[in-house]
Amino acid sequence: TTLNASHEGYSKDDRTIIFSSAAVGALLTVIFVTQALQYFGLRIIFFISGMLTAITTMLVPLAVAQNGIVYFVILRVCQGVSFTICMPTTGAVTSNWASLKQNGLFISTLSSFSQLAAVFTMATSGKLCTSSLGWPAVYYLHAGISFVAFAVWVLLYRNQPAEHPLVNQIELEEITVVDRLQPCYQQQKTPEIPYLAILSTPAIG
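Counting from 1, position 18 in the sequence shown corresponds to residue 18 in the working numbering; the numbering is continuous, with no gaps.
Because the hints were derived from the structure by calculation, they are not lab data. Fair warning: this is a prediction, and the values are worked out from it, not measured in the lab. The reader is advised that the hints may include incorrect statements.
[Said to hold, decoys possible] Quick list of in silico lysine to any residue cross-link-like pairs, SDA-like style, CA-CA up to 25 Å:
| id | residue 1 | residue 2 |
| --- | --- | --- |
| 1 | K127 | P61 |
| 2 | K12 | A23 |
| 3 | K101 | L172 |
Please construct the entire structure, taking both the sequences and the accompanying hints into account.
Shown next, in the form of structure tokens:
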């Protein structure tokens, strides 16, 4: 059937461009995403990134059906933009929500998303590709999961524990113990990141 037919239109160079375009998207927006986090907070930025990856994933079968790779590459770049937020999310969630004893647990759990995703995706994709649903179902399934997951995120997550209605006073005190030990922390101005100095360092240049 058409759904189960293999796509043989991509040359080696095409495949290289398609795979690398996600990295290009991530590199082009990493500084912008970092700045956006400071202004808008993790909750909104991560939700927007999630919706972007869900929409682009859903559109992949349509892009593949077009002649050439232009539309597919555009979608891959957008997915790279979405991926940029993943590692900052690990740091932000751990910093704001983990107690002193839970930092290691938070970091190890949150940074395992890539490995866990591969375990789920490889097995599920293989099953769907050989089924009557065909390979497009792989993208539709992942898009659907993304829509649901990020909708749950924006409903449940808050940038600060004090803003969450389900966090009681005992939990809040345990999470914010570091802030109480450093009373002047909130009064200190966050130093600006010296991007120009970093990029002009001989070791980098």
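Hint check results:
For the hint pairing K127 with P61, the CA-to-CA distance comes to about 17 Å; that is within 25 Å, so the pair holds. Distance restraint check for K12 and A23: the Cα-Cα separation of roughly 18 Å lies within the 25 Å cut-off, and the hinted pair is therefore satisfied. Between K101 and L172, the direct Cα distance comes to roughly 14 Å. Compliance with the 25 Å bound is thereby established for this hinted pair.
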